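Asks: Chain by chain, the residues run as shown.
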Amino acid sequence: MPKTAYYIPIGPIHPALKEPIRVEAEVEGEKIVRVDVKRGFAHRGIEYMGMKRNAIQTLYLSERICGICSISHPYAFVVTAEKALGIEAPPRAQYIRPIIAELERIHSHILWLGVIAHEMGFDSLLFWTWKGREKVLDLLELLTGNRINYSVYMIGGVRRDLKESHIKAIKDAITYYWKFTEQMKEIILSDPVYKARTRGVAQLSKEMALKLNVVGPVARAAGIRMDIRQDMPYDAYADIDVRAVVPQDIVGEAKGDAYDITMVRIYEIEQSLDIIEYCVDNLPEGKILAIPNYPALLAKIRRTKGEAIGAHEAPRGEVVHYLKFDGRDGPSVWKVIAPSYNNINSWAPLLLGAEVADIPIVVAYIDPCMCCNDRVALLKTPEGKVLGYEYIHKKAVEKTKKIEKEVRG
Amino acid sequence: MNIEEVIEKLKKSLGDALLNYEIREYEMGIRRKRKLYEVWAEIDRSAFRKAVETIFSLDYPHLHLISGEDNGGDSIKMIYSFGVFYSNPWGEISITLKFDLPKDSLILPTITDLMPGAETNEREIREMLGIEFEGLKNKRHLFLPDDWPEGKYPWRRDEYGVEDMIKHTHKSVREIRKKGEGNA
Numbered sequence: 002m003p004k005t006a007y008y009i010p011i012g013p014i015h016p017a018l019k020e021p022i023r024v025e026a027e028v029e030g031e032k033i034v035r036v037d038v039k040r041g042f043a044h045r046g047i048e049y050m051g052m053k054r055n056a057i058q059t060l061y062l063s064e065r066i067c068g069i070c071s072i073s074h075p076y077a078f079v080v081t082a083e084k085a086l087g088i089e090a091p092p093r094a095q096y097i098r099p100i101i102a103e104l105e106r107i108h109s110h111i112l113w114l115g116v117i118a119h120e121m122g123f124d125s126l127l128f129w130t131w132k133g134r135e136k137v138l139d140l141l142e143l144l145t146g147n148r149i150n151y152s153v154y155m156i157g158g159v160r161r162d163l164k165e166s167h168i169k170a171i172k173d174a175i176t177y178y179w180k181f182t183e184q185m186k187e188i189i190l191s192d193p194v195y196k197a198r199t200r201g202v203a204q205l206s207k208e209m210a211l212k213l214n215v216v217g218p219v220a221r222a223a224g225i226r227m228d229i230r231q232d233m234p235y236d237a238y239a240d241i242d243v244r245a246v247v248p249q250d251i252v253g254e255a256k257g258d259a260y261d262i263t264m265v266r267i268y269e270i271e272q273s274l275d276i277i278e279y280c281v282d283n284l285p286e287g288k289i290l291a292i293p294n295y296p297a298l299l300a301k302i303r304r305t306k307g308e309a310i311g312a313h314e315a316p317r318g319e320v321v322h323y324l325k326f327d328g329r330d331g332p333s334v335w336k337v338i339a340p341s342y343n344n345i346n347s348w349a350p351l352l353l354g355a356e357v358a359d360i361p362i363v364v365a366y367i368d369p370c371m372c373c374n375d376r377v378a379l380l381k382t383p384e385g386k387v388l389g390y391e392y393i394h395k396k397a398v399e400k401t402k403k404i405e406k407e408v409r410g
Numbered sequence: 064m065n066i067e068e069v070i071e072k073l074k075k076s077l078g079d080a081l082l083n084y085e086i087r088e089y090e091m092g093i094r095r096k097r098k099l100y101e102v103w104a105e106i107d108r109s110a111f112r113k114a115v116e117t118i119f120s121l122d123y124p125h126l127h128l129i130s131g132e133d134n135g136g137d138s139i140k141m142i143y144s145f146g147v148f149y150s151n152p153w154g155e156i157s158i159t160l161k162f163d164l165p166k167d168s169l170i171l172p173t174i175t176d177l178m179p180g181a182e183t184n185e186r187e188i189r190e191m192l193g194i195e196f197e198g199l200k201n202k203r204h205l206f207l208p209d210d211w212p213e214g215k216y217p218w219r220r221d222e223y224g225v226e227d228m229i230k231h232t233h234k235s236v237r238e239i240r241k242k243g244e245g246n247a
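Chains as they are written, first to last, in the numbering used here: chain A, 2 to 410; chain B, 64 to 247.
So that you can see chain A by itself, here it is in the shape it has in the complex (with noise of 0.2 Å):
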């Protein structure tokens, strides 16, 4: 009897994919033998719209492509605005930065570990990272005012001081994550089931990682040293001497596949956990802002002019900013590259030839974000209206009210 290949459409709807795109796979039996990826669903052009807007409401646009790690890309904004501009940050804001950028990572890699399992049909594991998660949520709110998109990066500095309370509050959030950590170590890298359906699963060698271009802990798992943070340190980072986290290093060889991504994400989070506590208690004295005062700072845009790349190390991979500043109050070029731009292009490589339950895996493996990819922005209520900076910085102020008073007791 002849072979039928059957055609698997997925996507750009689909349960298992929190955002749009379509992996379209044809199947031989169990094995995939052709396979497509289209992306571009939710292109919004973003870097459109910030060119029209001056450098500080761009800085807040960008906050608002990535719909997780909303820190990454104003990070790569600000290290890049700072360089065309010439402005440095105070060293307080420069060790202020990098606690919020590693509470993110430790954020967004507890979340993926929670997404793979659930894509591997461990329910019980998600439930437990997501509550285990939850402690640095409440955390980034009474840091910032806000679970997501929290408006605390500026050119030259950060908006908000770290109070006493708030250092506290860190030291009580590191503790509790030290042995989060060990349980996870414990619960997912020792656990027999997790390691048979992961190992040799996505597995990506290091030759492929680097023509593929892959950054972030995708590279990382493949062997390659390579960490924005290590490679061009900047702010806090400069000071530290963070080194890349790759397999051979914990466990002697980089096999590149779905377990050894998951081991390096969890090692990174314990490295985040060493950097926010350095910076904790090293934390410079001193004023926050370079340039407080927000008219001063866009006349300083405006007068003067230069180009920039600048990156940060998100919790996916790197995300490249390009800026060029001519003489108006905002970018008059803006290009973004986020790490899932990259990453996706590991995809087909990884699924021809596997087999159609690993499919999830190898699409959940690399913590796609769409929205990075694409780039959305713009928040509307049920009306329609578009949410406006009183009404949201009123609601924001409220809640970190709430969050303080329930910190003092």
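Derived CB-CB ranges, DEER-like:
id	chain 1	residue 1	chain 2	residue 2	range
1	B	Glu213	A	Asp173	55 to 63 Å
2	B	Ser109	A	Glu135	56 to 64 Å
3	A	Ser206	B	Arg203	23 to 31 Å
4	B	Glu213	A	Arg304	36 to 44 Å
5	B	Asp107	A	Ile168	54 to 62 Å
6	A	Thr176	B	Gly136	55 to 63 Å
7	A	Tyr8	B	Lys98	50 to 58 Å
8	A	Arg304	B	Gly78	35 to 43 Å
9	A	Arg303	B	Lys75	38 to 46 Å
Derived lysine to any residue pairs resembling SDA-like cross-links, with alpha carbons at most 20 Å apart:
id	chain 1	residue 1	chain 2	residue 2
10	B	Lys161	A	Gly307
11	B	Lys96	A	Glu89
12	A	Lys212	B	Gly198
13	B	Lys140	A	Gly328
Keep in mind the hints are simulated off the structure, nothing from the lab. Since this is a predicted model, take the numbers as computed values, not measurements. Ideal Cβ positions, reconstructed from N, Cα and C, are used throughout, including at glycine.
Please build the complex by placing chain B on the supplied structure of chain A, with the hints as guidance.
Replies: Showing chain B alone in chain A's frame:
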């Protein structure tokens, strides 16, 4: 290899096609100040492929981004940014190539034969700016829909741009509020 050696290599390989270059130095760190370097090279368009091959001969690079700027004039300014010697603490050197591409001949050789992962970047630049990449195998749209009209490119600021197709995104918030058109 240090930054001077990288420059020497580029000079030797490109000759007069290396129109000018700049070494940018950034001092990083609060407690321990250390330096990072970037090379920004302006090259002649004809030497683009040679410049990329020279970078590949230094180290297998990481492609940061490909971008282009159309300021409404006769040419498009292309920007290619690569990172070499990454994996080494404080060791990455970013090399940015810039060159003008005249609008009457928007053709560039592909670099996907050297780095297959560059396909995404080239496909995006192709559909957004209308640049043809010779040798690029997959020429399907990446972000734009399949039925996107021919000859319209979202990043172009000349008659090939999309001013007439988008209602709000090209206007500033102030402009929209002034005209009382509601929210974007």
